[in-house]
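S.K.: The chain contents come next:
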Amino acid sequence: MSPRSVDFKKYVAMSIFLATVALTQLAIPASAQQVPNGGWLDEIIFFKENDANKMFDLIEKGEAHEWQWAAPVALIDRIKASDKVGYVSSAGVFYTLDVNPCTFRSGFNPFVNAKMREALNYIVDREYLAYTIMKGAGRPKYTILVSGFPDYGQIIDVAKMIESKYKFNLDAAKEIIYKEMADMGAVLKDGKWYYEGKAVTIKFIIRTEDARRDFGDFISSQLEKLGFIVDRQYKPASEAFPIRYGGDARDGLWHLYTGGYEAGFDQSGDFWGFFAGAYIEQGAVHDPVFSEIARRLSTADYTSLEEKLTLMRKALVMSVEDSTFVGLVDRLSIFMVSKDVVAAYHLSAGPWRMPWSRTVRLKDKVGGTIKVGEQDLLVEEMNPVALGGWVWDAAVYMPTQDYGFMEGPYTVALIPLRVKEYSIEVSRGVAIKQTPEVKKVDQVRVPPDAIAAWDVVNKKYVNVGENKYARAKVTLVYDSPLGKYHDSTDITLADFMFWFALGFERTSSSSKIYDESAVPGFIATMKQFIGFKVIRSNPVTVEIYVNMTHIEPTRLADWAAQRFTLSGFPYFPWHDLAVAILARQDGKLGFSALEAKSLGCERVNFMYGPSMTILNEYLDKAIREKYVPEWIKDYVTPDEAVARYQKLKEFYNKYKHFWVGCGPYYLYSTDPVGKVAVLKAFREYVYKADRFDWLLKASTPEASLKVPEKIVPGIGANITVTISSKGEPYPRSNIEKVMYLITDPAGNMLLSGVAGETTTEGLYQIRLNETETSKLPPGTHTVTVYAFSNIVAVPGSGEATIAVIPPASYITLELNRVRQEMEARLSAMEALNTQVSNLSSEVNSLKSTLNMAVGVGVVAIIIAIVAVVLSIRKKQ
Amino acid sequence: MRKQDKSPSFFSGFSKNEFKRFLTYFVKRLFAVLISVTITCYLTILIAEMGGFVDTVVISQLKDEIRNMVRTSPEYASLSPQQQEEIIAIKLNLTIKERGLDTPFYVRSLVYLKNALTLDLGRANILVSDSGSRRVQAIIFERLPYTILLFTTATVLGFFINILFGLYLARHRGSLMDRIMVGLTFLSSIPGWFYGIIFIMIFAMYLGVLPYGGLVSIPPPSDPLLYALDILKHALLPILSWLFSGLWLGVYANRNFFLIFSTHGYVTVADAKGLPERRILSKYIIKPALPTIVTNLSLGIIGSWMGAMVTESVFNWPGIGSLTYKAINLKDTPIIVGTTVIYAYLLGLTMLILDIVYSIIDPRIRTGLSGGY
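Sequence order for the protein chains is A and B. Using the numbering used here, read the first sequence as starting at 1 and increasing by one per residue. Using the numbering used here, read the second sequence as starting at 1 and increasing by one per residue.
Please keep in mind that the hints were generated in silico from the structure rather than gathered at the bench. Predicted model only: the values in this text are computed from it and were never measured. Glycine residues also receive a C-beta, built at the ideal position from the N, C-alpha and C atoms. Wrong hints could be hidden among the right ones.
[Unchecked claim] Here are the computed distance ranges between Cβ atoms for each label pair: (1) A:81 x B:103: 46 to 56 Å; (2) A:81 x B:160: 26 to 36 Å; (3) A:509 x B:297: 33 to 43 Å; (4) B:28 x A:617: 45 to 55 Å; (5) B:293 x A:617: 44 to 54 Å; (6) A:106 x B:103: 56 to 66 Å; (7) A:131 x B:202: 51 to 61 Å; (8) B:118 x A:634: 35 to 45 Å; (9) A:339 x B:160: 26 to 36 Å; (10) A:283 x B:103: 27 to 37 Å.
[As the list claims (entries may be wrong)] Output of the computed footprint for chain B on chain A, the stretches with three or more beta carbons under 8 Å from beta carbons of chain B: (11) 257 to 270; (12) 343 to 349; (13) 727 to 735.
[What the hints assert, rightly or not] Sample of chain A residues facing chain B (criterion: CB under 7 Å; computed from the structure): (14) 186; (15) 190; (16) 197; (17) 199; (18) 367; (19) 368; (20) 371; (21) 522; (22) 523; (23) 610; (24) 676.
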């Protein structure tokens, strides 16, 4: 065999081997392939596209994967019918009917009367607005709480009661309005209301940019049916805003306005903001009891979660009675997503939160590229000191960052991201949810050597001093190792310490980098900060002392972490920002827009633009001068600083930008004119890509009920509840509670309570005792069950109908039943009797036969005996 | 040879008196243009700011935005309502200062005017250039090349197509082609952006041979030559839509225009004399029409630099049109004033240049200057 043929055979064998390995890799499901560090994807490309129809086509063809903007209502049917294009929805924006509650300086305002405002709830057909006008891209809204949000879920019993009570009912509205208008002195003449001789005209500012135009028309029509003249003023935002927000409500320029607002997850403060505190400078009067409850909620003046919920229940009812804002629709934003993409989407912000970038991937695949369309891109300068608020810019930088905690997509509670563990000590009397991390103590004493501030003039840290106490102490332990930044420099304690003092430098007029615009926010938030103390540098462990409190422990921990360092974790390296500080000191660049304007220079932009050459120039200066900011001189030597600057230089030379983060993706390139930004996976990231995959599995519980045929007042009853998810029992450990409500056909609540656990996973029992069932009036009622999960804020629900019958009817029924049973038994017995009779006859006949047989037998025997005797006598 | 016959070749045909008259006229025109530009700029400022009403609109928008931000931000959740109101008030004042709204409108308007006339266009209030600068000049001039690439190319191409085709039809009046083109003139009533949507459906959606829009592919090529070719590929559909829309009416208008000249007696005589077609066209038809042709081309080019808001939106093209649209929506007055100033200056300059060009190419105009042409 020639050497060549041997080589050829080897080559063939190697090729077959390699091909087999390759094919095997293809065949292995994504989950079985090695999980990479960094993100699941190799690349995410953001591009600008503001046409929804184009994006739909691109996603259908597989040329794009997601559009991070709400799809228009008109496209929804096409999306739902598509095989390739899916969608996720998120709430967070809601529409209201704003009602002016102020007495006008001239003119009549019927809505000064709270009953009139409350009556407006009956003239709005919210189901029509949400399901017909908005084609399902909205949910009916009866209260200020966004349905599906955690606050709504917590007091869903009261929310549902309100929804039942205030259903669309023009007759109910008419009754109230007619009475109240008459009481106020108005007169109804020829179907129109007159006050002091003038026709009552309602000035209604109707926004025109969206579905609110149709909302306004509908409401106007209802008001006209009730005798009002409605002056429909159709206006875009630019014309409406000066009237609605710019002027004095007492000027009488508007009665009603179709408002649109954004909701945060914590809406407890909205009772003050939207109702009790609304227009009080302009003389509006609200119920004092309601005002006090709203004030307590907005200032967290309660001692436990239960107390908070009790206050919220009352506030919710009273807010509808106040109705300075009447709920119309909770808008659902529909985001188009390719069915090949999976990710965790936030309940209210959709893709615009960190969990998206931590979980996004192509189905059953490791790696790959996705293309994401944004309404706009690279709009504002990007610097971590004064980041802009554009969501599409956040979409680009968020995957490159890591924080101490990140927002969970489904709950109020935050999820530790770079913080490994945390603990909280609070003084007794502070309202906070009791979790294993929380401990209540008599006093929280602040160590005297804790750092309280940075003295800009003397360039030193200021200690807290003796005899200082705080309401809470938060201890944070960060993960170790801390890992690297995208320019391959290590994350160190110096990076943590850098940001605290920077805040003081920027807000002190003695500083070379003073920025007037940074002052108000800094002062307001630092009012509740006492001090911090670094306990250990590896792992980084810090105690933070604050007077701020929050019912949710993770929120408190996060707030404290952010007072200590940037976003709770220094996602941007100190040496990168130090270069910008040098430029700022020379007035070449400004951090904020106001600062740049007053200096007459450009604003710092670490991603692209004229900042690049300036920053590069100052980077060289930093290397030459071995620059270390004063406030971290104890943590970094000049030589260490230079080494970091050199790494930054290499990074800049390679990527032509200065945006250095520490997240699972790094910024590869931007095209600000073409509006494209490319991120690539950072494979030196400390965590694996599947770290938060459990978020994809979190689901809302599903509830189903098995009810008895009938329930009798005074007799106990059991209802079986099954809680599951996708056919499997929902783990008991993930269920906080299963609540039930029993309501009558009119929606009035009859009973409520908590279902009890059983020994079987996913199975619960509602045990109604005699006292409870005796509260149920006869008739059909609805049992609704809400299952609260501790991993998903939206409760799952199920309902069934029960029949409650009166005792007399029950007895009658029972008697009937018994009689029927008896009759049945009697019939059976009669049948038995007949059978017995038949048997008797049979037996009797048998007896006769037997007797006869016996008789015959006896005769035969006698004859036999006689025959024998005769035969013997004859022989003799 | 008379002395006046020895004038320099550039001003051939100009007598001394004619030159003096021309100069006087030119200076008067320059002065008139400057006054027009000043009035135009100030009117633009007044209209863009609605006489100061925009301040009220912007401030009330800011109030709403800042209030919403403070209300929903976890950072301020722990503050009391009163503290939140204080923060809102402070942030509002700072933002008003940042936008320059703390200066009274009439003072600001004069500052804008001064900046406009000195071509120091200042800083934008809100918008940032694609490269990250706030200077209005940078913002506008960054977009200008893309607008020129698209609309000026389409304008120039369209111009020459219309001229040539119109000329041809004028000389072949009544032919089948003439009748077809005249019959299809109505197609120009449909705007270019509408054709753009149709072309996108055909070429991008169904055939998939051209991109939907934008400036470059996603991701863009890193090689500069490929990047440039990629831009040209993306410019194809918008140029086509613009051309297609303007073609029918443009050809028809030029056809009628040249018909007027074609029916003059001297053209008939030239035809009768059997002069070559080319000579008739160049000497007897085009040359007398030259001032009008040059004017149309000049004004067309200047007009094309303003872009087209809707077409640029349809194709996601980063031109002056979309910039102006954004600036109007955001009420970023320096940008609106900046684009108007540039256009006003260009227009004025073009008119002045045209006056010079006319006097060179058309002796009737030179002679008629004393009559105040």
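S.K.: Are the hints correct? Go through all of them and say.
M.R.: Now the hints, each set against the structure:
no.: 1; hint: A:81 x B:103: 46 to 56 Å; verdict: 55 Å, holds
no.: 2; hint: A:81 x B:160: 26 to 36 Å; verdict: 48 Å, violated
no.: 3; hint: A:509 x B:297: 33 to 43 Å; verdict: 59 Å, violated
no.: 4; hint: B:28 x A:617: 45 to 55 Å; verdict: 50 Å, holds
no.: 5; hint: B:293 x A:617: 44 to 54 Å; verdict: 51 Å, holds
no.: 6; hint: A:106 x B:103: 56 to 66 Å; verdict: 34 Å, violated
no.: 7; hint: A:131 x B:202: 51 to 61 Å; verdict: 37 Å, violated
no.: 8; hint: B:118 x A:634: 35 to 45 Å; verdict: 52 Å, violated
no.: 9; hint: A:339 x B:160: 26 to 36 Å; verdict: 50 Å, violated
no.: 10; hint: A:283 x B:103: 27 to 37 Å; verdict: 33 Å, holds
no.: 11; hint: 257 to 270; verdict: holds (count 7)
no.: 12; hint: 343 to 349; verdict: violated (count 0)
no.: 13; hint: 727 to 735; verdict: violated (count 0)
no.: 14; hint: 186; verdict: 32 Å, violated
no.: 15; hint: 190; verdict: 39 Å, violated
no.: 16; hint: 197; verdict: 34 Å, violated
no.: 17; hint: 199; verdict: 30 Å, violated
no.: 18; hint: 367; verdict: 16 Å, violated
no.: 19; hint: 368; verdict: 14 Å, violated
no.: 20; hint: 371; verdict: 6 Å, holds
no.: 21; hint: 522; verdict: 11 Å, violated
no.: 22; hint: 523; verdict: 9 Å, violated
no.: 23; hint: 610; verdict: 5 Å, holds
no.: 24; hint: 676; verdict: 6 Å, holds
In summary, the numbered hints that this structure violates are 2, 3, 6, 7, 8, 9, 12, 13, 14, 15, 16, 17, 18, 19, 21, 22.
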